[in-house]
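> The primary structure of each chain is shown beneath.
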Amino acid sequence: MSRLALETRHVSKQFPDGTYALQNIEWGVQEGETMALIGESGSGKTTLLRLLNRLTEPTTGTVFIQGKSAGSQDPIQLRRRLGYVPQDGGLFPHWTIRQNVCLVPQLLGWAPKRQLEQVNTLLPLVNLDPAKIAQRYPIELSGGQRQRVAVARALAADPSIVLLDEPFGALDPLTRYDLQDQFLSLKTRLQKTMVLVTHDMSEAFRLGDRITILKEGHIHQVGTPQEVLHSPATAYVHSLIQHYQAQGG
Amino acid sequence: MNTRRGSQITGGIWKGSMVGLLVLLCSVSLPAWASDTIVVGSKNFMESRLLAEMFAQLIEARTELTVKRRLGLAGTQVCFEALKTGGIDLYPEYTGTGLVTILGEPPMNEPTAVLNRVRAQFLEKWNIWWIAPLGFDNSYALALRRDRAQALGLRTISDLSRIAPTLKAGFGYEFIKRPDGLPGLQQTYGLQFKEVVGMQQTLKYQATANGDVDLLDAYTTDGRLSVYDFLVLEDDRQFFPPYDATALVRGETLEQHPELAAVLSLLTNALTPERMRIWNLRVQEQGQPVTRVAREMLQELHLLPHSKPPSTLNQHRDTQSLFAYMWNMRATLTFRTVEHLGLAGLGLLLGIALALPVGLMLERWRKGAEPMIRIIGMSQTIPSIALLAFMIPLFGVGTFPAIMALWIYSLFPILRNTYSGLRDAAPTVVETGRALGMTEWQILRSVRLPLAAPTIMAGIRTSAIWTIGTATLAAFIGAGGLGVPIVAGLQLADVNLILSGALPATILALAVDALLGWIEHVIKPRGLDPVR
Chain A
0 MSRLALETRH VSKQFPDGTY ALQNIEWGVQ EGETMALIGE SGSGKTTLLR
50 LLNRLTEPTT GTVFIQGKSA GSQDPIQLRR RLGYVPQDGG LFPHWTIRQN
100 VCLVPQLLGW APKRQLEQVN TLLPLVNLDP AKIAQRYPIE LSGGQRQRVA
150 VARALAADPS IVLLDEPFGA LDPLTRYDLQ DQFLSLKTRL QKTMVLVTHD
200 MSEAFRLGDR ITILKEGHIH QVGTPQEVLH SPATAYVHSL IQHYQAQGG
Chain B
0 MNTRRGSQIT GGIWKGSMVG LLVLLCSVSL PAWASDTIVV GSKNFMESRL
50 LAEMFAQLIE ARTELTVKRR LGLAGTQVCF EALKTGGIDL YPEYTGTGLV
100 TILGEPPMNE PTAVLNRVRA QFLEKWNIWW IAPLGFDNSY ALALRRDRAQ
150 ALGLRTISDL SRIAPTLKAG FGYEFIKRPD GLPGLQQTYG LQFKEVVGMQ
200 QTLKYQATAN GDVDLLDAYT TDGRLSVYDF LVLEDDRQFF PPYDATALVR
250 GETLEQHPEL AAVLSLLTNA LTPERMRIWN LRVQEQGQPV TRVAREMLQE
300 LHLLPHSKPP STLNQHRDTQ SLFAYMWNMR ATLTFRTVEH LGLAGLGLLL
350 GIALALPVGL MLERWRKGAE PMIRIIGMSQ TIPSIALLAF MIPLFGVGTF
400 PAIMALWIYS LFPILRNTYS GLRDAAPTVV ETGRALGMTE WQILRSVRLP
450 LAAPTIMAGI RTSAIWTIGT ATLAAFIGAG GLGVPIVAGL QLADVNLILS
500 GALPATILAL AVDALLGWIE HVIKPRGLDP VR
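In order, the protein sequence lines correspond to chains A and B.
Position one of the first sequence corresponds to residue 0 (numbering that gives the first Met the number 0), numbered consecutively onward.
Position one of the second sequence corresponds to residue 0 (numbering that gives the first Met the number 0), numbered consecutively onward.
Looking at chain B on its own, in the form it has when it is part of the complex (with noise of 0.2 angstroms):
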């Protein structure tokens, strides 16, 4: 009968979004981060991902501790975020990026002053560690074209600062925006740029080679420096303060884990920016895995035994068919789209949860309908990736704030389909069934939750494939899935690496999307539809 299996359906959905909820508490509870398990993070560019790993490797090596890794968080702010709520226990840092984006302190020139300065604010302000300098000072930096630079006479940016206004820069974003960046540098050369491009790392470098822009902004230890031939412009006035790399520690990790301290202090001084901008090179330029470089680090500064390295890890990229390499990927990316899977997934499972009833709840109250919807659709305007941010101080870093941005994302389009269905379905028939004296709530559960079914579906479609869309992105906070190749693959510009995250997202989206049509027409009422 069919208003039996309307019901049924209903009560199916809910049966289901009870299990997802379930399955989702479960995840929560579990000790994601028990005491004997350390959660290295990093920031997301290859130097940030190669330190974490080499710490990461150490550690493993040297105590008990099982480490987790959560390699590519985007950003200081991001990262930190994670380090002070616990998400993480520890992620390579630099001394002048916490003086001045964490701590918003002018900048300042002495390496020993600066180092002094955050130990002490950051141990008073969030009992966090600033331990094992590691010996490099990896500072912003301007760079042109060697050939470029001795046409036009630069050696200092005193001397770009006469010629700037003829030319055009190709920053990074967040370089644009730091105050040790390009403000504070405008204030003390008085640079102002014919334009200015905000790019992302990566392009920049063959944006530069190119001649598409005259000059970008550097790392010190970036290897592509010497690949390209390009010269560092110095900084007569010692505007870039000193950025000495350093593993930042939360103190309660180090008060359970005194040994962590000890192992790491291994690495005190014991890099140098010369061996760092070729360890770079390695990843950059020649697509050498990020574990691999990191263990034969180590083991150059004899902190780790030689041994051989597995040959699957020898493949250089470029020699290899996209399809031969996600075949050779097969495990990693079948693993990722099952995260991606369960991401996007309880995200829309709590979206259902939630929209479904709350649209019912509408349709009885209309007054509130359209304010309520209004303010659940300002949630789409939020970009995803800062709504994925702004989850971090509540919940920390991984899979849980992430599912919460996605479920936050999927409401939307289930809310405003189940309201707008169930309102409008067909009025005389509703009015029919009111005047032959069926209750409000009859009408409803046998009126208009039937006919409204179709709509609520294609909702539900809709936020689906938005969902697993934005899941990519969960990527940047830890979370894993299919963006973890994407992400990986935009700073290694490695087109393979990015299609191997892209494409199953894509087919992933495409076959949660047939079987949910296919859903859509089981559920559809008979009668509605004269083809059947």
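Next up, chain A with everything else stripped away, as it sits in the complex (with noise of 0.2 angstroms):
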């Protein structure tokens, strides 16, 4: 068995009114794999993703990131480590691309001259010209742009981990399809621990090395996409599969 990258034992989460986003949740994710989180809002899916880089703490049980226990590591430190995307991009508006890309080498304190040696290095391999780029602001750029922006910030600082939260969400189909696409191309390049969480099953069966399936705070099934096509582990499974076909995917 290779060693789990990222680990969740016995953990829940509680809301101060006593309900659950996570229910005694025993998951793990394989070094260098693409696991993608799927479920319908308030399925827990997110609550998930941020207990990983403690942006949410469990209410009980333990996660573990490379074999070391979160709960005993500094948060920011731990953060800068583990790469992340959010939605919509989440870049700083009043920063140029470069100085986006750039934030968390800076926040480690990189020299300039490596930073900017990164800078150059990244945006092509998301398909950007730094050259055009780099000295713009994220306003001049389309949302495609902007996203794939956000994957080379998550990716400045070489992190082992990668979280994604949901980011290819708001952008039109075309623009996603495309994106996946070299998504997939920089997934086999950099052989990377990456989490995705999204509510599209074709994303979800297209990106993902492994699926999980969460409803109402509980996972249903965690495999490949063929076994989760083939042998769906719940009835909520099944349904999702079904509807997925319906919709010709």
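Careful, some of the hints might be misleading.
As the list claims (entries may be wrong) - Which residues of chain B face chain A? A partial, calculated answer using Cβ under 10 angstroms:
| hint | residue |
| --- | --- |
| 1 | Gln56 |
| 2 | Gly286 |
| 3 | Ala425 |
| 4 | Thr427 |
| 5 | Val428 |
| 6 | Val429 |
| 7 | Arg433 |
| 8 | Leu435 |
| 9 | Gly436 |
| 10 | Met437 |
| 11 | Gln441 |
| 12 | Gly516 |
| 13 | His520 |
| 14 | Arg525 |
| 15 | Gly526 |
| 16 | Leu527 |
No lab work stands behind these hints: they were computed from the structure.
Small disclaimer: the values here were computed from a predicted structure and weren't measured.
Heads up, the beta-carbon is just placed ideally off N, CA and C, and yes, glycines get one too.
Make the complex out of the two chains shown on their own, each in a separate frame, by following the hints.
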């Protein structure tokens, strides 16, 4: 069995009103794989993602990052080691693209020359031309371009784990398809551990090495796309697959 | 680099505020009332100004002392507080006002008894001296048009009480409230009017002359009584206490400068009600400058040598256009504008110096934010003139209390905008910064603050306009500024004089807003504005 890059043991998250966002989650992501987290709104998928970089703390249980308990680590240092791509890019509107990409390297105190080299390496990786784009502001870019900058920023300090929170959710279908393609090629080249939250079944099937299906704070199934497609574990997963196939996926 | 630019700007604001604070501290520590300087105050009506100016010129002519004038302070309370706290050294006061308004005692009829009473009480309570009764009694009186009085068969206030329920009265605001004014009058004579309208001094004469109101309250030495041919109703039950005009002086000042008592005593019984009415008239109706009338009074009393008045003082106000008038007054107006800018500017800078850090603090401590902002917001509901008056017991009169009041006024818009601007700054961007490992401090400095900068500047602009507007009221507590011509102009019903203060104040507000707008444009982070 390969080593787990991310793992949760007996993790529950309870809201102040007593309801559970997540209940007794036993879950793991292997080194180098891309795990898609899929579920409806309120299923707990985003909460699970936020537990990994300590934007949320579990009520009970422990989260392990590369074998070490997350709770025992300084959250600031931990987050700088984890790449993060939010849904709408989350670029700083008052910073240039170069400044945005260099955020984490700058926080880590890299020399300016090394930061610049990193920008010139990363932007072409997401199919952007540094000469054209590095000095511009986010507002001057298209939504797809901004999202690619957000990916470049997440990769800037070369993290071994990248968390993506519905990264392509806000884009139009064509751009989304295009970016998914680029993501696939990037993924094979970089071999990083990735967790990708999505509510789009086809995206989960396209991008995920494995898929975790969540509903109302419980995991219904974890498996490869083939496993999920051919042997759905619960009635809920079965209905999801049927719905997906009915839509022509 | 933009982050650095953001922090440089906040640094700039800080530096500016610190300089402002330093200037303020320096100006406070300066001996505003050095021991060889006498500060003469007056209330905000003409006779009070005239008498004060007369005191001032006499002291200047007959002693080595330097005289500073703080004329036109807002009412008895403000004047007396200023005297008690040493903001002024003397001002003209009336014995009846001392007895009833200041001591809160019931009115008495006998002039000597009143003088003795106030002398004893003021000396004991505050070491304040009533010296040199000037020789005339400026009592309250009720008056109406002579033809109306004859038609109605009115001669005394008792006559009036019979038909009062059919009449409409135009009374001054102070008269309506004072125990020796309307309330006492109602008790003594059982007066009940159909309607009582609160009116400003100058207006009620015109209103009575036009027949808009039937009668008014007047000072017996008011020259306008003879101009409008009004009949003064006889106070047949002797309700109105005697109001002998006197100089009210601080005991400490008299100890330091015994010559002051000797010089002021030259005026004892020197004036008569008839002469007073004529002099008042020259200021009120003929628009002659107070300084000139005061000088001629002293010359008539042979207390000043005769000399030809400088010709510039002869100009009559009605013959000039506004701009010619303002051009002639340009030196004074420039000075007043600078003074005004100083008041408003210091108030605003102090406001920024406090509200900005508090806003930053509240963003970190949100539980306290709403209550705190609400408390500061309450300061806005205090009427500005009242807030200025509250400052007097604490800080005396003049520039310092005015700046304190303006400071309090300037806080709210800056605090509100700083806090909500920081709190609401692009939540998803803030969250991303956090997720990528920025500390809360780094988020505040590099994300929240630059993104909130336009909102914060908008608060500062609002505050600047308010402060410049409110600073015109600072004249009421002797702080100078463009309110001085406005307040004086209101008393004289002199439109040119009012506008010569109001116009520069408006231009100042617009200019400052434009300047701050430009600063807002400059500090607005690039990337927020697609036009650039």
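> Hint by hint, note whether the structure agrees.
A quick look at each hint next to the structure:
no.	hint	verdict
1	Gln56	62 angstroms, violated
2	Gly286	59 angstroms, violated
3	Ala425	7 angstroms, holds
4	Thr427	5 angstroms, holds
5	Val428	6 angstroms, holds
6	Val429	9 angstroms, holds
7	Arg433	7 angstroms, holds
8	Leu435	6 angstroms, holds
9	Gly436	4 angstroms, holds
10	Met437	6 angstroms, holds
11	Gln441	7 angstroms, holds
12	Gly516	19 angstroms, violated
13	His520	14 angstroms, violated
14	Arg525	6 angstroms, holds
15	Gly526	3 angstroms, holds
16	Leu527	6 angstroms, holds
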